[in-house]
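Chemist: Protein chains in written order, with numbering that gives the first Met the number 0: chain A, 0 to 667; chain B, 0 to 147; chain C, 0 to 323.
Simulated from the structure, these hints should not be mistaken for lab results. Be careful, since some hints might not be right.
What the hints assert, rightly or not - Straight line, CA to CA, 25 Å or less: simulated DSS-like cross-link-like pairs of lysine-lysine: (1) K128(B) with K575(A); (2) K611(A) with K67(C); (3) K67(C) with K621(A); (4) K611(A) with K308(C); (5) K611(A) with K310(C); (6) K308(C) with K531(A); (7) K621(A) with K310(C); (8) K405(A) with K308(C); (9) K405(A) with K310(C); (10) K56(A) with K25(A); (11) K621(A) with K221(C); (12) K308(C) with K399(A); (13) K108(A) with K128(B); (14) K9(B) with K105(A); (15) K105(A) with K128(B); (16) K575(A) with K164(A); (17) K399(A) with K310(C); (18) K313(A) with K297(A).
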Amino acid sequence: MQRIGVFVCHCGTNIAATVDVKAVAKAMEKEPGVVFSTDYTYMCSEAGQTLVQDSIKKYGLTGVVICSCSPHMHELTFQKAIAKAGLNPYMLEIANIREQCSWVTKDIKVATEKAIVLARAAVAKVVLNSPLTSGTTQVTKRALVIGGGIAGMQTALDIAEAGFKVDLVEKNPSIGGKMAQLDKTFPTLDCASCIVTPKMVDVGQNENIRILSYSEVAEVSGFVGNFDVKIKRKARYVDEDKCTGCGACTEKCPMKKIPNEFNHNLNNRSCIYIPFAQAVPKVATIDPRYCLMLNKGKCGICSKVCQAGAINYKAKDEYIEEKYGAIVVATGYEQIKVDKYDEYAYSQSPDVVTSLEYERLMNAAGPTNGHLLRPSDGKEPKKIVWIQCVGSRETCDPTKGPARGKPYCSKVCCMYTAKQAILTKDHYPDTDLYVFYIDVRTPGKNFDEFYRRAVEQYNVHYIKGQVGKVTPENGKLMVQGSDLLLGEQVHIEADMVVLSAAIEPSPTARPLATMLTTQMDTNDFFTEAHPKLRPVESATAGIFLSGMCQGPKDIPETVAQASAAAAKVIGLLCKKELTNNACVAHPNEMMCNGCSQCQGVCPYGAITYVEKEFRMPDRTTKVRRVAQVNEAVCQGCGACTVTCPSGAMDLRGFSNQEIMAEVDAICQ
Amino acid sequence: MSVNENKEWKPLIVAFCCNWCSYSGADTAGNNRASYPDNVKIIRVPCSCRINPLFILRAFQRGADGVLVMGCHPGDCHYTTGNYHTRRRMTLLFSMLNYLGVESARTRVEWVSAAEGARFAEVVTDFTKTIEELGENRRLEDLRCKTN
Amino acid sequence: MQDELIRRACELLEDGTVNRVLGWQKGQFVYDITPAVFTSVEEVKNNFVYNDFCGANLSKYLRSESEKEGKVLVFLKPCDTYSFNQLLTEYKIHRDNVYAVGIECYGKADVEKLRAKGIDCITDVKNENGTLKISTIYGEESVPAMDVMAERCLNCKSKKHVAYDELIGEDGEVLDSHRFDEVEEIEKMSAEERFKFWQSQLSKCIRCNACRNVCPACTCEKCVFDNYDSGAFNKAPANSFEESMFHIIRAFHVAGRCTDCGECSRVCPEHIPLHLLNRKFIKDYNELYGPFMAGAEVGQVSPVVDYTKDKDAEASVVQKGGAE
Chain A
0 MQRIGVFVCH CGTNIAATVD VKAVAKAMEK EPGVVFSTDY TYMCSEAGQT LVQDSIKKYG
60 LTGVVICSCS PHMHELTFQK AIAKAGLNPY MLEIANIREQ CSWVTKDIKV ATEKAIVLAR
120 AAVAKVVLNS PLTSGTTQVT KRALVIGGGI AGMQTALDIA EAGFKVDLVE KNPSIGGKMA
180 QLDKTFPTLD CASCIVTPKM VDVGQNENIR ILSYSEVAEV SGFVGNFDVK IKRKARYVDE
240 DKCTGCGACT EKCPMKKIPN EFNHNLNNRS CIYIPFAQAV PKVATIDPRY CLMLNKGKCG
300 ICSKVCQAGA INYKAKDEYI EEKYGAIVVA TGYEQIKVDK YDEYAYSQSP DVVTSLEYER
360 LMNAAGPTNG HLLRPSDGKE PKKIVWIQCV GSRETCDPTK GPARGKPYCS KVCCMYTAKQ
420 AILTKDHYPD TDLYVFYIDV RTPGKNFDEF YRRAVEQYNV HYIKGQVGKV TPENGKLMVQ
480 GSDLLLGEQV HIEADMVVLS AAIEPSPTAR PLATMLTTQM DTNDFFTEAH PKLRPVESAT
540 AGIFLSGMCQ GPKDIPETVA QASAAAAKVI GLLCKKELTN NACVAHPNEM MCNGCSQCQG
600 VCPYGAITYV EKEFRMPDRT TKVRRVAQVN EAVCQGCGAC TVTCPSGAMD LRGFSNQEIM
660 AEVDAICQ
Chain B
0 MSVNENKEWK PLIVAFCCNW CSYSGADTAG NNRASYPDNV KIIRVPCSCR INPLFILRAF
60 QRGADGVLVM GCHPGDCHYT TGNYHTRRRM TLLFSMLNYL GVESARTRVE WVSAAEGARF
120 AEVVTDFTKT IEELGENRRL EDLRCKTN
Chain C
0 MQDELIRRAC ELLEDGTVNR VLGWQKGQFV YDITPAVFTS VEEVKNNFVY NDFCGANLSK
60 YLRSESEKEG KVLVFLKPCD TYSFNQLLTE YKIHRDNVYA VGIECYGKAD VEKLRAKGID
120 CITDVKNENG TLKISTIYGE ESVPAMDVMA ERCLNCKSKK HVAYDELIGE DGEVLDSHRF
180 DEVEEIEKMS AEERFKFWQS QLSKCIRCNA CRNVCPACTC EKCVFDNYDS GAFNKAPANS
240 FEESMFHIIR AFHVAGRCTD CGECSRVCPE HIPLHLLNRK FIKDYNELYG PFMAGAEVGQ
300 VSPVVDYTKD KDAEASVVQK GGAE
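Using the sequences provided together with the hints, build the complete structure.
Modeler: What follows is the structure, given as structure tokens:
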């Protein structure tokens with residue numbers, strides 16, 4: 000039999016001015032289960048809490064109802080207070096007679112009546128409450144970072160620095176990501192390689208970091224603190240431990256006409272290759288699509304020239320399985336394919352390039368050794384036109400078929416365009432540069448100053464307007480656009496056109512999100528748990544977000560988010576054990592009929608089904624399929640409880656009976 | 000059981016509010032001292048998707064004249080997808096009740112965010128007015144539960 | 000047809016493919032056919048019947064039959080195969096223990112419609128090319144099968160077998176049925192008329208639980224109405240609220256899983272048109288969330304437990320006059 004105590008708070012005059020608190024306390028005395036009822040000026044004060052605690056002991060209370068402000072204010076306060084007096088913290092209910100009653104009702108009689116109803120509902124519920132204990136789970140002290148770009152590297156380094164083991168998975172042969180391909184960075188114009196390659200070396204040399212390059216995440220199961228991940232290590236046909244990265248094989252390889260992805264296919268590489276000079280790990284990889292030995296069984300030259308004996312044509316994809324406490328997604332971005340923008344003649348002329356291709360053309364380690372030469376004839380361009388927002392900020396009209404571009408702003412294009420223009424002018428002062436833009440967006444430290452430098456000091460011609468058409472003609476590119484400020488058509492005879500193509504999330508992100516049971520928005524960017532207060536966490540506990548995979552951002556922002564994600568991971572891995580939510584779903588196995596509908600509605604993947612043996616009344620046994628809830632994963636939303644047709648699934652702390660008791664009390 | 004004929008009828012409305020958005024919205028209404036009819040009594044649930052159709056039928060059985068289901072705006076659910084389930088369930092349930100001849104205006108789903116204190120007050124005021132116009136719930140009542 | 004089924008059942012029993020046959024046998028009366036399990040060739044030969052009164056959907060009995068040892072042979076009419084798939088979706092049938100034989104169906108007779116024509120005390124029935132030849136204790140009667148066909152068969156939704164191991168006869172197509180016409184009629188009524196209609200229907204309920212027991216979607220270990228803790232516990236209705244309560248909750252529980260097999264209405268001794276509740280849900284989600292047929296495929300997700308973020312109608316659609 001429950002022994003309930005009711006404590007009515009005056010909240011100074013906040014409640015007592017409109018609610019007859021003494022009448023409420025008196026009315027509660029008659030409620031079933033109530034053995035003590037009183038009122039006090041400030042229940043949340045030290046003295047108020049002591050009153051509650053003393054009463055628990057004096058009257059042997061098993062449950063407490065506090066009639067006061069919103070539970071969002073002081074539920075935790077009172078849970079702690081009653082726990083100190085030896086009661087289970089979940090044997091508490093709060094009747095919200097301030098926000099829902101005294102503050103919104105003017106008439107004292109009416110407010111008092113309402114307060115009594117609310118208190119009665121709380122009493123009806125607490126009578127049915129049962130003590131709840133939160134389970135705990137252990138934390139695997141190891142983190143997984145998916146993606147080896149600047150975001151992933153920074154996250155991995157920060158976690159490793161705190162003393163935890165990190166596995167860094169990268170799908171390409173080397174870490175480094177997009178940043179390793181850039182020339183210089185805005186607004187400081189320091190060389191990207193000079194910043195990123197030392198980071199890559201740090202990652203490679205850090206004892207706590209294991210780089211799993213040329214690898215992909217294949218399967219993920221488990222939950223926060225205890226993820227089980229299967230990682231596919233693609234066969235590179237070269238023993239990573241033996242290869243010294245001397246490059247002899249790449250020189251002798253007869254297949255040399257393979258488009259070089261690192262240089263955006265602007266030049267060629269050999270079939271066995273090291274993507275770039277500073278690659279980490281600096282080991283060769285055989286491209287199985289072109290290798291003569293793998294495809295035709297002839298050649299074998301690389302094996303012959305390799306002093307280290309690292310070549311292994313018989314290598315197979317391997318899978319490794321590992322446990323992690325936390326996972327960070329840092330899958331980065333790609334530029335959209337611009338060939339569907341036929342008006343810009345990207346597929347018609349090699350001199351129309353994307354901005355990332357232009358980065359390689361300017362890069363000292365790029366295909367032209369840093370000399371800006373037109374891809375078509377190798378001549379220096381004199382007139383260059385940039386087109387902004389190619390595929391960004393596109394309003395889509397669903398009646399006109401699927402959109403070509405993206406509705407969002409890609410955020411970095413305005414700044415890198417200014418950077419590319421300044422760098423071009425620095426090297427080739429006699430060039431004539433034009434930028435067609437919708438808006439120039441430069442929020443950021445020293446960003447606007449940088450853009451203004453391009454306009455004022457470097458005389459880059461910024462034209463507000465869009466380009467209608469680019470036509471290749473006699474080795475030139477005829478650019479036809481409109482100047483919206485002057486209200487006239489502009490014709491430019493350009494040597495090169497650079498497209499600031501929209502960025503989009505990596506195509507690997509969507510399948511990964513499915514594996515991780517994390518949410519994505521319609522643009523396939525990962526959704527953060529809260530847009531303002533939890534920007535680096537996903538809604539799935541234990542999964543964190545770093546870099547462009549969550550939305551367009553520049554390098555400083557990416558690094559900041561990467562470190563923030565690392566801080567969150569460290570905070571998680573530092574914990575000895577994780578306290579689970581106590582108000583979780585739990586199935587009554589005897590009633591569960593195995594239909595599996597609940598499994599489909601759980602947003603956290605907390606429900607699994609097992610075949611379990613049951614003893615029947617006639618002493619036989621029967622194997623039945625029943626639901627199991629992983630209490631470490633369940634967040635207690637209750638979606639499953641309503642889906643369950645047999646009512647086998649119930650929610651602790653908000654059970655069917657408890658809620659219905661409240662309904663009954665209110666409708667008395 | 001006695002039926003008190005003299006007592007003036009006052010609509011009784013049960014509002015199920017999700018803990019994160021609409022319950023906080025009610026708190027905000029309180030903080031802003033936005034006054035609204037006392038007929039509305041709130042039951043806190045973790046998420047609107049916790050609201051079993053059974054609870055709604057139970058409220059009507061016990062004499063409620065209207066039931067409000069309140070949750071976060073679609074897309075804002077604390078549990079990411081709960082209110083999408085609510086939306087379908089309640090659409091189908093209310094359509095069925097309507098089919099059975101129970102006035103559909105007695106049931107309503109409203110999305111109220113934690114910031115929308117004024118809207119919370121508006122919604123419950125408007126709903127109370129609707130129920131007052133509709134009169135007492137007679138089609139889904141359990142007479143044994145009607146006490147004076 | 001009956002001879003063909005008996006021949007095949009005996010073959011499969013004799014060659015050891017199956018060790019039991021789930022079929023139909025005569026009840027107390029000719030029209031009172033009941034599902035039955037036959038364990039020997041003799042039993043099949045003596046008791047197995049298949050005629051125009053074999054409306055019973057056998058798929059539900061596979062829930063317990065497929066748990067037993069050895070394979071069981073089951074005969075499934077097209078509409079029964081939908082229930083079969085739905086039960087597979089819900090992991091209620093051990094597929095490996097079932098040998099499913101799909102059989103053609105041209106619609107089954109409704110004995111009430113025969114009685115309405117004054118044909119009673121039936122001793123035998125034969126279907127000769129769409130004409131029922133009926134023997135009664137008073138003599139021979141002849142009536143077009145269509146005239147006495149059950150409502151659910153007149154509004155047949157599909158002659159296609161969506162699951163089978165073997166087919167006897169031809170496979171058909173999904174049909175364009177008029178099964179929602181009656182629902183629309185009710186929707187057109189005023190709220191008051193609807194209320195009166197349903198009150199007059201549901202007040203006939205004697206809570207015999209026949210609808211629940213025959214329903215292939217009602218496969219809970221313990222029904223919420225039998226579970227004191229569920230909040231819906233109710234053994235017998237005491238007033239009009241509880242009469243409606245039982246049927247609303249039952250309809251909601253099977254929504255998205257109901258294949259519209261019509262067994263509930265067939266077995267109701269009070270002739271309550273229970274299928275009109277289920278069809279309302281089906282009509283609503285078809286119109287609101289796109290066409291969905293429970294049981295059309297194994298592993299489908301029902302629209303009742305699914306959602307779309309942007310395309311779902313807001314619940315206020317009901318206030319604007321339901322799903323119209």
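Chemist: Are the hints correct? Go through all of them and say.
Modeler: We went through each hint and held it up to the structure:
For the proposed pair K128(B) and K575(A), the alpha carbon gap of about 55 Å is over 25 Å, so the pair is violated. This hinted pair checks out: K611(A) and K67(C) have alpha carbons roughly 17 Å apart, not beyond 25 Å. Proximity of K67(C) to K621(A) is assessed by CA-CA distance (about 11 Å); at most 25 Å being required, the pair is judged to hold. Distance hint between K611(A) and K308(C) is unfulfilled; the C-alpha atoms sit about 36 Å from each other, more than 25 Å.
For the hint linking K611(A) to K310(C), the alpha-carbon distance of about 40 Å lies beyond 25 Å, and the restraint is violated. A C-alpha spacing of about 22 Å is found between K308(C) and K531(A), which places the hinted pair at or below 25 Å, so the restraint holds. Under the criterion of a C-alpha separation no larger than 25 Å, the hint pairing K621(A) with K310(C) is inconsistent with the structure, at around 44 Å. For the hint pairing K405(A) with K308(C), the CA-to-CA distance comes to about 19 Å; that is within 25 Å, so the pair holds.
Between the alpha carbons of K405(A) and K310(C) the distance comes to roughly 20 Å, so the proposed pair stays at or under 25 Å and holds. Restraint check for K56(A) and K25(A): satisfied, since their Cα atoms lie roughly 21 Å apart, inside the 25 Å limit. Distance restraint check for K621(A) and K221(C): the Cα-Cα separation of roughly 16 Å lies within the 25 Å cut-off, and the hinted pair is therefore satisfied. Of the pairs offered as hints, the one joining K308(C) and K399(A) holds, with about 22 Å between alpha carbons and a cut-off of 25 Å not exceeded.
At roughly 21 Å between alpha-carbon atoms, K108(A) and K128(B) fall within 25 Å of each other, so this suggested pair holds. For the hint pairing K9(B) with K105(A), the CA-to-CA distance comes to about 17 Å; that is within 25 Å, so the pair holds. Among the hinted pairs, K105(A) with K128(B) is consistent with the structure: their alpha-carbon atoms are about 18 Å apart, no more than 25 Å. For a cut-off of 25 Å, the pair hint linking K575(A) to K164(A) stands: about 16 Å separates their Cα positions.
The suggested pairing of K399(A) with K310(C) holds, with an alpha-carbon distance near 18 Å, which does not exceed 25 Å. Under the criterion of a C-alpha separation no larger than 25 Å, the hint pairing K313(A) with K297(A) is consistent with the structure, at around 14 Å.
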